[in-house]
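The task is simple: from the sequences and hints, build the whole structure.
For the protein sequence lines, the chains are A and B, in the order given. Using the working numbering, count along the first sequence one by one with no gaps and you end on 116. Using the working numbering, count along the second sequence one by one with no gaps and you end on 366.
Be careful, since some hints might not be right.
[As the list claims (entries may be wrong)] Here are the simulated DSSO-like cross-link-like pairs (lysine-lysine), alpha carbons at most 30 Å apart as the crow flies:
| id | chain 1 | residue 1 | chain 2 | residue 2 |
| --- | --- | --- | --- | --- |
| 1 | B | K301 | B | K320 |
| 2 | A | K80 | A | K59 |
| 3 | A | K44 | A | K80 |
| 4 | A | K85 | A | K59 |
| 5 | B | K313 | A | K44 |
| 6 | B | K301 | B | K313 |
| 7 | A | K59 | B | K301 |
| 8 | A | K44 | A | K59 |
| 9 | A | K44 | B | K320 |
| 10 | A | K85 | A | K44 |
| 11 | A | K44 | B | K301 |
[As the list claims (entries may be wrong)] Computed footprint of chain A on chain B; a stretch qualifies when at least three of its residues, placed anywhere within it, have a C-beta under 8 Å from a C-beta of chain A:
| id | segment |
| --- | --- |
| 12 | 289 to 303 |
| 13 | 352 to 365 |
Derived by calculation from the structure, the hints in this document are not laboratory data. Even glycine gets a Cβ: it sits at the ideal position worked out from N, Cα and C.
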Amino acid sequence: EPEVTQTPSHQVTQMGQEVILRCVPISNHLYFYWYRQILGQKVEFLVSFYNNEISEKSEIFDDQFSVERPDGSNFTLKIRSTKLEDSAMYFCASSSRGLYQPQHFGDGTRLSIL
Amino acid sequence: AQSVTQPDIHITVSEGASLELRCNYSYGATPYLFWYVQSPGQGLQLLLKYFSGDTLVQGIKGFEAEFKRSQSSFNLRKPSVHWSDAAEYFCAVGARSNDYKLSFGAGTTVTVRA
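What follows is the structure in structure tokens.
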């Protein structure tokens with residue numbers, strides 16, 4: 003069964019540094035998402051992306067965050083200047099077109115900011 | 253805005269016993285409802301989904317869930333739990349009007365004792 007893959011599985015970064023989290027969605031999917039889960043808290047929506055543009059973003063997704071689909075397969079989340087509170091598990095998800103298609107999640111990238 | 257409540261933070265159940273996890277949602281229109289499972293160090297795996305039609309939905313791994321509009325609930329059940337069912341379970345609600353973004357509950361951790 004096709005999977006969403008995320009790299010790296012664990013990223014350790016100094017505060018203030020830029021970080022890029024990578025995702026390869028399922029190949030025929032058209033909707034892409036990023037979520038995050040701070041340790042001990044619920045999974046939170048960050049951003050959705052469709053037709054090469056952001057379709058919705060949460061209040062968490064401020065100017066420090068950006069997403070990009072640089073080619074036909076990758077979907078990236080960039081945090082420009084990381085803060086301690088950005089430490090979390092980041093999940094990428096994708097779904098195919100249509101009303102009744104669920105989101106499929108990757109295994110996540112654990113981001114640790116020092 | 254949509255939201256999900258999972259009243260039980262932690263449930264312990266004996267192997268072979270039945271399991272029921274509660275989920276209550278808040279959304280003004282017809283919701284799309286999901287249950288995901290997360291094993292330690294893993295991503296979110298879809299167990300089952302409800303979009304419309306039959307209110308009792310079957311999922312993978314022997315799980316089922318029942319949508320009750322009058323109670324705004326979507327409880328997950330399994331008649332006989334296996335040790336491998338020990339994991340964290342998340343209920344989520346999505347809505348077409350919000351580009352299908354998912355709002356998750358806080359999760360219920362299930363421990364299975366021998």
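Now for the hints, and whether the structure bears them out:
Taking the CA atoms of K301/B and K320/B, the gap is about 14 Å. The hint holds against a cut of 30 Å. Taken as a hint, the K80/A and K59/A pair is honoured in the structure, with Cα atoms around 14 Å apart against an allowance of 30 Å. Between the alpha carbons of K44/A and K80/A the distance comes to roughly 21 Å, so the proposed pair stays at or under 30 Å and holds. Of the supplied pair hints, the one linking K85/A and K59/A holds, its CA atoms being roughly 19 Å apart against a limit of 30 Å.
Between K313/B and K44/A the alpha-carbon distance is near 24 Å, which keeps this suggested pair within the 30 Å criterion. As the CA atoms of K301/B and K313/B are separated by approximately 14 Å, the hinted pair is consistent with the 30 Å bound. The hinted pair formed by K59/A and K301/B meets the criterion: a straight-line CA distance of about 24 Å does not exceed 30 Å. This hinted pair checks out: K44/A and K59/A have alpha carbons roughly 17 Å apart, not beyond 30 Å.
A hinted pair counts as satisfied when its Cα atoms are at most 30 Å apart, and K44/A with K320/B qualifies at roughly 24 Å. As the CA atoms of K85/A and K44/A are separated by approximately 19 Å, the hinted pair is consistent with the 30 Å bound. For the hint pairing K44/A with K301/B, the CA-to-CA distance comes to about 19 Å; that is within 30 Å, so the pair holds. For the segment 289 to 303 of chain B, the stated coverage by chain A holds: 8 residues have a C-beta nearer than 8 Å to a C-beta of that chain, and at least 3 were required.
With a cut-off of 8 Å between beta carbons, the segment 352 to 365 of chain B has 8 residues touching chain A; three or more are needed, and the interface restraint holds.
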